[in-house]
Amino acid sequence: MNKEASVAMPAPRALLSRATRETLANYTYLLPAAICLGGTVLFPILKAIHMSLYHNVLSRPQDYRFIGLGNYLRMIHDPTFWLTLKNSFVWVICSVSIQFVLGFLGALFLNAEFKGRAFLRTLNLLPWIIPGVVVGLVWEYLYQPNYGPVNDILRRVGLLTVPIAWLSQPAFAMASVIFANIWRGIPFFSIMILAGLQAIPDEVYEAATVDGASVTQRFWHVTMPMLRPIIVVATATRIIWTFNYADLIFVMTSGGPANATQITSSYTLLTAYTDLDFGYAATLSVILLVIMLVFTAFYLKFTKGVESVSG
Amino acid sequence: MDDRSRFSRRQFLQTVAASGAVAASGLAGREVPFLSPTKASAASTVRFQFSVPEPLRISLVEGLVDRFNKSQSDVEVKVEFVPQAQARQQLITAITAGNPPDCCQMWDNWLGEFDGMGALEDLTSQIKGWKFYAGTAPTAWQTVSLKGKIVSFPLALTNDAIFIRTDRVKEYGLKMPTFDWTTDDFLTLAKGFTKPEKNQYGFGLRGGGTWAVLYATEFMYGSGAQVLKDGKVVINSPEAVSAFEWYINLILKAKVTPPSAPTDAYRQIVEGFGRGVTNMYLHNSGSIEEQKKFVGEPNFATVPIPVGPAKKRASFFFSETLTMFKGGKNKEGAWKFLTWMMDDEQHFKYCTTLGLLPTRQNLAEKPPYTEPSYAGFVKSIPFSIVSPYLAYPSWGGKLDSEGVPMFQQAFVGQITPKQCLDKFAEMLTKNMA
Chain A
1 MNKEASVAMP
11 APRALLSRAT
21 RETLANYTYL
31 LPAAICLGGT
41 VLFPILKAIH
51 MSLYHNVLSR
61 PQDYRFIGLG
71 NYLRMIHDPT
81 FWLTLKNSFV
91 WVICSVSIQF
101 VLGFLGALFL
111 NAEFKGRAFL
121 RTLNLLPWII
131 PGVVVGLVWE
141 YLYQPNYGPV
151 NDILRRVGLL
161 TVPIAWLSQP
171 AFAMASVIFA
181 NIWRGIPFFS
191 IMILAGLQAI
201 PDEVYEAATV
211 DGASVTQRFW
221 HVTMPMLRPI
231 IVVATATRII
241 WTFNYADLIF
251 VMTSGGPANA
261 TQITSSYTLL
271 TAYTDLDFGY
281 AATLSVILLV
291 IMLVFTAFYL
301 KFTKGVESVS
311 G
Chain B
1 MDDRSRFSRR
11 QFLQTVAASG
21 AVAASGLAGR
31 EVPFLSPTKA
41 SAASTVRFQF
51 SVPEPLRISL
61 VEGLVDRFNK
71 SQSDVEVKVE
81 FVPQAQARQQ
91 LITAITAGNP
101 PDCCQMWDNW
111 LGEFDGMGAL
121 EDLTSQIKGW
131 KFYAGTAPTA
141 WQTVSLKGKI
151 VSFPLALTND
161 AIFIRTDRVK
171 EYGLKMPTFD
181 WTTDDFLTLA
191 KGFTKPEKNQ
201 YGFGLRGGGT
211 WAVLYATEFM
221 YGSGAQVLKD
231 GKVVINSPEA
241 VSAFEWYINL
251 ILKAKVTPPS
261 APTDAYRQIV
271 EGFGRGVTNM
281 YLHNSGSIEE
291 QKKFVGEPNF
301 ATVPIPVGPA
311 KKRASFFFSE
321 TLTMFKGGKN
331 KEGAWKFLTW
341 MMDDEQHFKY
351 CTTLGLLPTR
361 QNLAEKPPYT
371 EPSYAGFVKS
381 IPFSIVSPYL
391 AYPSWGGKLD
401 SEGVPMFQQA
411 FVGQITPKQC
421 LDKFAEMLTK
431 NMA
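Respectively, the protein sequence lines represent chains A and B.
Here the numbering used here is used: the first residue of the first sequence is 1, the next is one more, and so on.
Here the numbering used here is used: the first residue of the second sequence is 1, the next is one more, and so on.
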């Protein structure tokens, strides 16, 4: 037996401490997700900011140059931008608020016990699962002034004598596309709120009933507070989606007549793909991002975010 | 088991990786789908982009390309169909990325923009030696010439004329217009045709898309207006404003247009007439074949645009072109295909199937161009001019993104005709580059 081999030798000292190694290992596990997020979220944002600082009209490659904040100054003086921003707020506020109220009522209805509930719950999802472009085409047909069913029904019941061009008159166009968008978005709220309603334990209602709470009191003091996290998330998500959602408008009116239904996101698309002005389109998209970030921050602050009810 | 014949996991993985690399290197140079049938290993491929505004064109072009491919042993055309709405954008991004098709079909109002990008092949010397050069109408060459160089073949010509429901002229006891009718005659006829209680209107005015601006401008030319004079934009001249006011009043005062006119685009004006909602509309000959199916050949005719107060009138010529790109990889094959497409038989078939005008006189004298449905277009040729909006490449996109909303504001009465044309002239002047 070799004696020397049995003498215990001190282990060589590790280059990094155990705690550091563990921290590094943990960060390594996060690396794939960080790379994916960076590549798909962060890089496009940084690229858009970079593009917004250049005069970048695709059809004029020889004019490509750095112009600093030139595109932002142009935006400030662009009356169409301000019009589209105003239209965007009208579009979002009207669409989401009415979708929420009707979706809430729908959820309460679908939460009740009745025969055929499963069928109605499935039917309720129909507007949401139809692609936006198809919804746009269907509603464009419904609103068609010369042979569309909406005018036809209104004429048959005597409410109209001359057809109304719903999508061609500035006074009606925005309301008409908002109506179509409301129809499409109700199922989103009803299904989200329905899920929230079903997650509220019956014991809470029973305890409230034992304590003498009326139906209205139970609604305001049990249902609403317990639904708050879902309502906050659903409305915030829907507001952001609607702000950026240009499919319906593109299909139904292309932003017309006379920009009456042009929202900032559809204006951004038009700038990019009709004028091929990617520099200015990037500027508009950066501003949209800033508006949405500010909105989300304020919204979560005012609604106290998605903290638990007891918190 | 003999170790020498055993396939270790490491060896297996190495073999798989090596075969993958070999296969990938073999595929790397291919520009066609791996599983598509190849004609012959010697045939060189020509990429041809074709933009599609209507499904009829797909079968027509597929048939022509198939015939070409069967007739050739050394060239094979691969056609890439792109919806019309995305065609211009797709070409620009392909050029920017350095991968344009070898050739494509496009409208002449895009040429300036692509030439500005330095993307178009100068075909002047080749075309001047082409067998049909002299027989092609000079106007057709004008639509595809930029700064003295010819950049495309004019595949088909279009100009505009008024479609009229002849059966309703009789039904309502109206007077069928002559070829030299006036704007007053036009208004009288439009009023006679308008029966709101029957959901029928006199004129399917186009308020949507670029042609909303072009059609209005054609009526303005009847008052002696012009877009450009001595290098300056003069589309806000008093004559233009007066004619535009008359045009807008078709919607606002005379109410001879359907309520949807301020946003009606190509599809709506063609279908509106086809469904019997409107009794006149202004369009190119491209919708003749469609109207033959919609309302029937004996029930409509075409007449030239009416003469305006200045005893003038204009119809704008446009052409569909066949164009080659500098960045194309098979120019020889592309030239072979394009000249084949421009041969009498193919050229005539293309134009007659789509209802467009051929660019050579000998073909324009044959039926169907002698039929009444084409009369308005043929009679308009003497006063047809190349669209003034082709003068500057930047105007192309701006007409759509800024011009159309301005005109729509005027159509719905939000701004006066003068305010509209002043803003429009300012926009054109700003984009004279």
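Since the hints were derived computationally from the structure, they do not count as laboratory data.
Please note that the accuracy of each hint is not assured.
Claimed, not checked - Think about it this way: if two alpha-carbon atoms lie no more than 35 Å apart in a straight line, the pair counts; the simulated DSBU-like pairs of lysine-lysine are:
id, chain 1, residue 1, chain 2, residue 2
1, B, K331, B, K170
2, A, K86, B, K398
3, B, K255, B, K128
4, A, K86, B, K418
5, A, K47, B, K170
6, A, K47, B, K430
7, B, K430, A, K86
8, A, K86, B, K253
9, B, K311, A, K47
10, A, K47, B, K336
11, A, K86, B, K311
12, B, K331, B, K195
13, A, K86, B, K149
14, B, K331, B, K149
15, B, K312, B, K331
As the list claims (entries may be wrong) - Derived DEER-like restraints, expressed as beta-carbon distance ranges:
id, chain 1, residue 1, chain 2, residue 2, range
16, B, K229, A, L69, 53 to 63 Å
17, A, M292, B, T188, 20 to 30 Å
18, A, V90, B, D66, 34 to 44 Å
19, A, L293, B, F294, 26 to 36 Å
We put the CB at the ideal spot given by N, CA and C, even for glycine.
Subject >> 35 Å Cα cutoff - pair A:K86, B:K418 >> reply: 26 Å, holds
Original post:
Given the hint that A:K47 pairs with B:K430, does the C-alpha gap stay at or below 35 Å?
Top reply: Answer holds: A:K47 to B:K430 is near 29 Å, not above 35 Å.
**OP:** Could you grab the alpha-carbon distance between B:K430 and A:K86 and see if it respects the 35 Å cut-off?
**Re:** 26 Å, holds
Subject >> B:K311 paired with A:K47 [C-alpha distance capped at 35 Å] >> reply: 56 Å, violated
**OP:** Would you mind confirming whether the straight-line C-alpha gap from B:K331 to B:K149 stays at or under 35 Å?
**Re:** 18 Å, holds
Subject >> Holds or violated: A:K86 to B:K311, with C-alpha atoms at most 35 Å apart >> reply: The hint is violated at about 46 Å.
Subject >> Beta-carbon spacing of B:K229 to A:L69 - inside the hinted bounds 53 to 63 Å or not >> reply: The hinted range 53 to 63 Å is violated for B:K229 and A:L69, with Cβ atoms some 38 Å apart.
Original post:
So the hint says 20 to 30 Å: do the beta-carbon atoms of A:M292 and B:T188 match that?
Top reply: Given a distance of about 56 Å, which is not inside 20 to 30 Å, the answer is violated.
Subject >> C-beta pair A:L293, B:F294: status relative to the range 26 to 36 Å that was hinted >> reply: Violated, at about 52 Å.
Original post:
Given the proposed pairing of A:K86 with B:K253, does the C-alpha separation stay at or below 35 Å?
Top reply: Holds - the C-alpha atoms of B:K253 and A:K86 are around 31 Å apart, at most 35 Å.
**OP:** Given the hint that A:K86 pairs with B:K398, test it: the Cα-Cα distance must not exceed 35 Å.
**Re:** 23 Å, holds
Original post:
Given the proposed pairing of A:K47 with B:K170, does the C-alpha separation stay at or below 35 Å?
Top reply: Violated: A:K47 and B:K170 sit about 64 Å apart, past 35 Å.
Consistency note: the structure conflicts with the earlier hints numbered 1, 3, 5, 9, 10, 11, 12, 13, 15, 16, 17, 18 and 19.
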